[in-house]
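In order, the protein sequences belong to chains A and B.
1 is the number of the first residue of the first sequence in the working numbering; add one for each residue after it.
1 is the number of the first residue of the second sequence in the working numbering; add one for each residue after it.
Hints are not guaranteed to be accurate.
The following residues of chain B were derived to be distant from chain A, with all beta-carbon distances above 12 angstroms [said to hold, decoys possible]:
(1) D27
(2) K66
(3) H85
(4) G102
(5) G110
Rough simulated footprint, nothing fancy, chain B against chain A, three-plus residues with beta-carbon under 8 angstroms [claimed, not checked]:
(6) 18-30
(7) 63-77
If you are wondering where the hints come from, they were derived from the structure by calculation, not from laboratory data.
Since the model is a prediction, treat every value here as computed from it, not as a measurement.
Just so you know, even glycine gets a beta-carbon here, dropped at the ideal spot from N, CA and C.
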Amino acid sequence: KNQVEQSPQSLIILEGKNCTLQCNYTVSPFSNLRWYKQDTGRGPVSLTIMTFSENTKSNGRYTATLDADTKQSSLHITASQLSDSASYICVVSGGNEKLTFGTGTRLTIIP
Amino acid sequence: GAVVSQHPSRVICKSGTSVKIECRSLDFQATTMFWYRQFPKKSLMLMATSNEGSKATYEQGVEKDKFLINHASLTLSTLTVTSAHPEDSSFYICSARGTGPGQPQHFGDGTRLSIL
Chain A
1 KNQVEQSPQS LIILEGKNCT LQCNYTVSPF SNLRWYKQDT GRGPVSLTIM TFSENTKSNG
61 RYTATLDADT KQSSLHITAS QLSDSASYIC VVSGGNEKLT FGTGTRLTII P
Chain B
1 GAVVSQHPSR VICKSGTSVK IECRSLDFQA TTMFWYRQFP KKSLMLMATS NEGSKATYEQ
61 GVEKDKFLIN HASLTLSTLT VTSAHPEDSS FYICSARGTG PGQPQHFGDG TRLSIL
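Given these sequences and hints, build the entire structure.
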C-alpha cells in the first residue's frame, strides 16, 4: 500500500531558528515528490518538486532533499519567519500520476 | 500563472439543502480536475477525478449520488453536495491539472462548508 509518513506531527520553534521536517514514503513506482505549504483555511501551495534523479532543490529559505534509495525526503527551513507558520505536506506522485499525501507537519513559529 | 479559483470560500446552510462549489482554472486549460475533502488536522483525501466531457471517477466509499461532479468545460468543474447534512461539513479543495504528461496539480483555496 502506498503511504507517506511525516514527522514530527507538530513543531514549535522560535523565530529566526532553522528546522527540518521529515518525510518517508513507500510509493512505487515513483514519479516525483513535492513539498506543499498549506496555510490555515487555504489550499496547498507548491514549494519544491523533485524527480528520481534530483537530490536537492531550493526555493528561497526552503531546501528539500531526496534520497530515492531510502525513500526519504526532508524540508529544511532556514531563518524561520512568523509567516512560515503553516502545515507542510509531503506529496508523492506515482507512476499513474496519482498523488499520495502525507498527514503533514504543523509548524508554529513564535516570536 | 496556473491559478485555480474556487468559489465560494465559505458557505453555511441548513440541513437538506444542496450546495454547489465551483472550481475554475483561470489561466490554463485543465483537462483533469480533482476534488478533495479535508478534515481538521488531517491531510487531503481524494474524492473524485473528473475529466472534461466525461463522467467523474469516484474513490471507494464516496457516494456519487451525494457528491455530483460536472466538468463541462476545460476551465470549470463543479461539485454539488446534494441534500447536505451536518456530517458533510468539511473543507473541500479542488485542483486542476493542465494538458500534457507530467503536468502538476494546482490547488484552489478551498471551500469551508458548514451544515447546520
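- Are there at least three residues in the stretch 18-30 of chain A whose beta carbon sits under 8 angstroms from a beta carbon of chain B? violated (count 0)
- Please count how many residues of the stretch 63-77 of chain A have a CB within 8 angstroms of a CB from chain B and say whether that reaches 3. violated (count 0)
- Query: For B:D27, which was marked as not at the interface, is the minimum beta-carbon distance to chain A over 12 angstroms?
  - Reply: Non-interface label stands for B:D27: nearest chain A Cβ at 16 angstroms, farther than 12 angstroms.
- When you look at the beta carbon of B:G102, is every beta carbon of chain A farther off than 12 angstroms? violated (8 angstroms)
- Query: Is B:H85 truly not at the interface, in the sense that its beta carbon sits beyond 12 angstroms from all beta carbons of chain A?
  - Reply: Per Cβ check, B:H85 is outside 12 angstroms of chain A; nearest 22 angstroms; holds.
- Taking C-beta pairs only, is B:K66 more than 12 angstroms away from all of chain A? Correct as stated: the minimum Cβ-Cβ distance to chain A is 22 angstroms, above 12 angstroms.
- Is it correct that the beta-carbon of B:G110 has no partner in chain A closer than or equal to 12 angstroms? violated (5 angstroms)
Comparing the model with each numbered hint stated earlier shows that hints 4, 5, 6 and 7 do not hold.
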